[in-house]
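There are 2 protein chains.
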Amino acid sequence: MTATDPIPDTTAADLEAVLQRAAGAAESFGALPPAERARLLGAVADALDAAGTELLPAAMAETNLSEARLTGELKRTTFQLRLFAEVLAEGSYLGATIDPADDGFALGPKPDLRRMLVPLGPVLVFAASNFPFAFSVPGGDTASALAAGCPVVVKAHPGHPRLSARVGEIISAALSEHGAPEGAFGVVFGFETGTAALRDPRVKAAAFTGSVPAGRALFDIAASRPTPIPFFGELGSLNPAFVTPAAVRARGAEIAKGFVTSYSGNAGQLCTKPGLLFLPADHGLEDALASQSREVGLHRMLSDRLHEGYCSRRAEVTGVPGVRVLAEGEVSDGTVPTLLTTDVQTLLANRETLLEEVFGPLSIVVTYRDEDEARQAAEAFEGNLTATLHAEEEDSEFGASLLNRLRDRAGRLLFNGWPTGVAVSPAMQHGGPYPATTDSRFTSVGTAAIERFLRPVTYQNVPQTLLPEALRDHNPWNVPRRVHG
Amino acid sequence: MTATDPIPDTTAADLEAVLQRAAGAAESFGALPPAERARLLGAVADALDAAGTELLPAAMAETNLSEARLTGELKRTTFQLRLFAEVLAEGSYLGATIDPADDGFALGPKPDLRRMLVPLGPVLVFAASNFPFAFSVPGGDTASALAAGCPVVVKAHPGHPRLSARVGEIISAALSEHGAPEGAFGVVFGFETGTAALRDPRVKAAAFTGSVPAGRALFDIAASRPTPIPFFGELGSLNPAFVTPAAVRARGAEIAKGFVTSYSGNAGQLCTKPGLLFLPADHGLEDALASQSREVGLHRMLSDRLHEGYCSRRAEVTGVPGVRVLAEGEVSDGTVPTLLTTDVQTLLANRETLLEEVFGPLSIVVTYRDEDEARQAAEAFEGNLTATLHAEEEDSEFGASLLNRLRDRAGRLLFNGWPTGVAVSPAMQHGGPYPATTDSRFTSVGTAAIERFLRPVTYQNVPQTLLPEALRDHNPWNVPRRVHG
Numbered sequence: 001m002t003a004t005d006p007i008p009d010t011t012a013a014d015l016e017a018v019l020q021r022a023a024g025a026a027e028s029f030g031a032l033p034p035a036e037r038a039r040l041l042g043a044v045a046d047a048l049d050a051a052g053t054e055l056l057p058a059a060m061a062e063t064n065l066s067e068a069r070l071t072g073e074l075k076r077t078t079f080q081l082r083l084f085a086e087v088l089a090e091g092s093y094l095g096a097t098i099d100p101a102d103d104g105f106a107l108g109p110k111p112d113l114r115r116m117l118v119p120l121g122p123v124l125v126f127a128a129s130n131f132p133f134a135f136s137v138p139g140g141d142t143a144s145a146l147a148a149g150c151p152v153v154v155k156a157h158p159g160h161p162r163l164s165a166r167v168g169e170i171i172s173a174a175l176s177e178h179g180a181p182e183g184a185f186g187v188v189f190g191f192e193t194g195t196a197a198l199r200d201p202r203v204k205a206a207a208f209t210g211s212v213p214a215g216r217a218l219f220d221i222a223a224s225r226p227t228p229i230p231f232f233g234e235l236g237s238l239n240p241a242f243v244t245p246a247a248v249r250a251r252g253a254e255i256a257k258g259f260v261t262s263y264s265g266n267a268g269q270l271c272t273k274p275g276l277l278f279l280p281a282d283h284g285l286e287d288a289l290a291s292q293s294r295e296v297g298l299h300r301m302l303s304d305r306l307h308e309g310y311c312s313r314r315a316e317v318t319g320v321p322g323v324r325v326l327a328e329g330e331v332s333d334g335t336v337p338t339l340l341t342t343d344v345q346t347l348l349a350n351r352e353t354l355l356e357e358v359f360g361p362l363s364i365v366v367t368y369r370d371e372d373e374a375r376q377a378a379e380a381f382e383g384n385l386t387a388t389l390h391a392e393e394e395d396s397e398f399g400a401s402l403l404n405r406l407r408d409r410a411g412r413l414l415f416n417g418w419p420t421g422v423a424v425s426p427a428m429q430h431g432g433p434y435p436a437t438t439d440s441r442f443t444s445v446g447t448a449a450i451e452r453f454l455r456p457v458t459y460q461n462v463p464q465t466l467l468p469e470a471l472r473d474h475n476p477w478n479v480p481r482r483v484h485g
Numbered sequence: 001m002t003a004t005d006p007i008p009d010t011t012a013a014d015l016e017a018v019l020q021r022a023a024g025a026a027e028s029f030g031a032l033p034p035a036e037r038a039r040l041l042g043a044v045a046d047a048l049d050a051a052g053t054e055l056l057p058a059a060m061a062e063t064n065l066s067e068a069r070l071t072g073e074l075k076r077t078t079f080q081l082r083l084f085a086e087v088l089a090e091g092s093y094l095g096a097t098i099d100p101a102d103d104g105f106a107l108g109p110k111p112d113l114r115r116m117l118v119p120l121g122p123v124l125v126f127a128a129s130n131f132p133f134a135f136s137v138p139g140g141d142t143a144s145a146l147a148a149g150c151p152v153v154v155k156a157h158p159g160h161p162r163l164s165a166r167v168g169e170i171i172s173a174a175l176s177e178h179g180a181p182e183g184a185f186g187v188v189f190g191f192e193t194g195t196a197a198l199r200d201p202r203v204k205a206a207a208f209t210g211s212v213p214a215g216r217a218l219f220d221i222a223a224s225r226p227t228p229i230p231f232f233g234e235l236g237s238l239n240p241a242f243v244t245p246a247a248v249r250a251r252g253a254e255i256a257k258g259f260v261t262s263y264s265g266n267a268g269q270l271c272t273k274p275g276l277l278f279l280p281a282d283h284g285l286e287d288a289l290a291s292q293s294r295e296v297g298l299h300r301m302l303s304d305r306l307h308e309g310y311c312s313r314r315a316e317v318t319g320v321p322g323v324r325v326l327a328e329g330e331v332s333d334g335t336v337p338t339l340l341t342t343d344v345q346t347l348l349a350n351r352e353t354l355l356e357e358v359f360g361p362l363s364i365v366v367t368y369r370d371e372d373e374a375r376q377a378a379e380a381f382e383g384n385l386t387a388t389l390h391a392e393e394e395d396s397e398f399g400a401s402l403l404n405r406l407r408d409r410a411g412r413l414l415f416n417g418w419p420t421g422v423a424v425s426p427a428m429q430h431g432g433p434y435p436a437t438t439d440s441r442f443t444s445v446g447t448a449a450i451e452r453f454l455r456p457v458t459y460q461n462v463p464q465t466l467l468p469e470a471l472r473d474h475n476p477w478n479v480p481r482r483v484h485g
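Residue numbers (full-length UniProt numbering), protein chains in the order written: chain A, 1 to 485; chain B, 1 to 485.
Check each hint, because a few of them may be wrong.
Example chain A residues on the side facing chain B (calculated, C-beta under 7 Å, incomplete) [to be verified]:
(1) Thr97
(2) Arg455
(3) Val457
Listed next, the in silico SDA-like pairs over lysine to any residue satisfying Cα-Cα at most 25 Å (straight line) [stated by the list, open to error]:
(4) Lys257(B) <-> Phe398(B)
(5) Lys257(B) <-> Ser66(B)
(6) Lys257(A) <-> Gly108(B)
(7) Lys257(B) <-> Asp112(A)
(8) Lys75(A) <-> His484(B)
(9) Lys75(B) <-> Asp112(A)
(10) Lys75(B) <-> Gly42(B)
(11) Lys257(B) <-> Glu286(B)
(12) Lys257(A) <-> Glu357(A)
(13) Lys257(B) <-> Ala101(A)
(14) Lys75(B) <-> Ala101(A)
Derived from the structure by calculation, the hints contain no laboratory data.
From the three backbone atoms N, C-alpha and C, an ideal C-beta is built for every residue, glycine too.
With the rest of the complex left out, here is chain A (with noise of 0.2 Å):
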């Protein structure tokens, strides 16, 4: 094949074979010690930092990113296959909890009981085109169901087939080469190759990050398969900004300023965008904002595609009487990002329009009259992965009853920062109320990405023998264990 050959779908045979592998390698890819799967993952961690010089250009070739934002976006994709690693290596993941015999327990005797998780089986994972890596092939939700001991099937994106052909091809090579059993890796190609295997009763659970009706529609054939499996879908988010009118006064330069690098950096094309910035009707920020925005310089977008949505989207939104524009922003051959601005009450007369993701550089600025009205605003969202808080001391009580309705609608909560960013940590919450995840209670980014992928068992008055490592008395895995009584 070379460079310029189109990647062809999937055929049903292939991804039959792919499928057949991925549940025959379910059993001895989950029953590895979580420290072979480490030293797997680090291997996967190696091959992939070592193709760097390859697969950069190939990025940039297919997104339009920039080589600065690709290497970082490399370097965190790696970082997260060897923090999962370390996961493994730690052993809280898997929860394994002791509660031994009782015969003196209030309710009557009680059996040994020890509970532990194990991996679901297959998982079906629909890479995402805005990180080529970080969400995509090597991304995430492969690190995590990997983490996990699933073998993982890999739905690639059409936005960048070439390098997920390429890095799917470096992933099975350092998993085979290091002794991975056959299948508990592979990429397929197509929206019917997709659909097919999200359909098939081998997959067990399936992760998702892109739009929102693509996501639901999925969401929805899962739900309603002879056998439902869990769909992790992370759609689309708002993201909401308030700022007091304080923190207008104390830093309002800085604030327009961080606010315009946030909403229009890699053009708007991020889930974490800051699609509304809250501010006090007389802010007095608009030419600061107007002006940051201009600046900007030109950026492609993605795809042609989410191009003509942003366009049209871009239209639908500038059209509602009552907005008007702050930085007309440009989308011929590529975009500049564009701001408008509005009040609280436009913005919930015109909800089906206003409170829907713009997938692309451009942000509203709407103003609020007063506390009340603030508040207001702040409950008429629904789910969001962040939402975003500028206050001062003077006004944290006001700023404290924002944040409070904030809370009930969105995953991440942010103080005097931007959302863009997302720290891969053990502590991130990625996720949130629907329709920002189809899941509230999971995160697809940091350490607990590893749940969505783990089912518990518990083995009663099993002896030692046919109990799994981490169960047993002596513990040989070395796992951390809460034994009760």
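Fit chain B to the given chain A structure using the hints.
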């Protein structure tokens, strides 16, 4: 109302009021310190214990269950409420995790991140018929949701409406007396009421224990809402038990006795009833099994509807060619257990009839010719709540190969025991792959049941005064936390 008035269905207007109060209570109830909610759970437990002499006859009248059984069940129910009070007092259920800021972090400066679990909001509980206390109005779903900080609306089971109404009054009075916000708890009646509540946007999660068709219909409603919600359905389970030849030799008579006690107890109306017993072809226990079964006394089923359903399924299963009667049983005015027998090949050839739960006192002894055939049978199951193995040290390799297969198909694995009787313990898993439950990652019994009704929120760089107590530096609630870095 006198003891014989029917309980009318909740009107649409009354349901609206109940849901509005529940939504109104969500913030204040969820914000109570865990120790406060622990006190409320204790007060509910005390009130139910104090009402035992009134509640037990009421339960007996509506369920045909014995006083001894119901006395034990009420004790278990109040124990469970107090156990969740302990979970709250201990505090690790909050999953508080602190990852301090790190300017030298590998991927660039990392903010201060603090993560904890918060309540989902109002939970709808569909009560079960077979445990009028422990899986009904005051049961595990209610206890765990209240513990999580979620207001609870119980849709009462029509099998014991007056008991449900009375228990609801007692719980509401205890909560109100001890200062819970109005609306933290309510009971509603009627099928249409339940489905209307499930569709209501104020309801944020639902739990159900019952049959596969009913549970699946409700799951489908929950998943197809404009905003889908988590639905925890505990549906049907066959609970297969496998006995190795060495176990038959060592303890055949004891196994026969234990099995009959387990499958026939409470007229077989338990979700963990062993519905299939796998024995080697030459087991020689037919007479023992048949005579033990015949010795079980007449037991009326919970309701006429369940009795009719049982008679119809019993006729269907008994009519399969190749299925032979070991103990005929009775189904006239009440039931005496029915024990059938067949072989693995007949079982596999009639999956649709024989590999589906019979709710009532019937079980099937299935003979296997050799180890391979037993393993083949162990691979035939869909999801189960439990799977059981009886083995001896001398055939532990065969046992291990069975256990391995059963692990992929069950939430709890028992060794040389019987699955009925579910200990309320931190290490319990009462859940399993579909159709045992609609979400195998969670349990409806044991302290981990609280995890169903919580979601994570991360606070990024939020100052001490705006942080929830559990995440503040000085840890005023003194909850266990994971602190990184």
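Review point. Are Lys75(B) and Asp112(A) close enough, with their CA atoms no more than 25 Å apart?
Key: The hint holds at about 21 Å.
Point to revise | 25 Å limit on alpha-carbon distance, applied to hinted pair Lys257(B) and Ser66(B) | key: 21 Å, holds
Practice item. Please work out if Lys257(B) and Phe398(B) have their alpha carbons no farther apart than 25 Å. Key: 24 Å, holds
**Study point:** Distance restraint between Lys257(A) and Glu357(A), which requires alpha-carbon spacing of 25 Å or less
**Key:** 22 Å, holds
Review point. Holds or violated: are the alpha carbons of Lys257(B) and Asp112(A) at most 25 Å from each other?
Key: 22 Å, holds
Exercise for review: Could you check if Val457(A) really has its C-beta closer than 7 Å to a C-beta on chain B?
Suggested key: 6 Å, holds
Exercise for review: Measure nothing beyond the straight line between the CA atoms of Lys75(A) and His484(B); if it is 25 Å or shorter, mark the hint as holding.
Suggested key: Distance ~22 Å between Lys75(A) and His484(B) Cα, so the pair holds.
Check your understanding: Does Arg455(A) pass the interface check with chain B, least Cβ-Cβ distance below 7 Å?
Key -> Check passed: Cβ of Arg455(A) comes within 4 Å of chain B, closer than 7 Å.
Check your understanding: Regarding the pair Lys75(B) and Ala101(A), is the alpha-carbon distance no greater than 25 Å?
Key -> Status holds; Cα separation ~20 Å.
Exercise for review: Mind checking the alpha carbons of Lys257(B) and Glu286(B) for me, to see if they're no more than 25 Å apart?
Suggested key: 12 Å, holds
Point to revise | Hint consistency between Lys257(A) and Gly108(B) [alpha-carbon to alpha-carbon, up to 25 Å] | key: 20 Å, holds
**Study point:** Restraint status (C-alpha distance of Lys257(B) to Ala101(A) at most 25 Å)
**Key:** Measuring from Cα to Cα gives roughly 23 Å; hence the hint holds.
Comparing the model with each numbered hint stated earlier shows that all of them hold.
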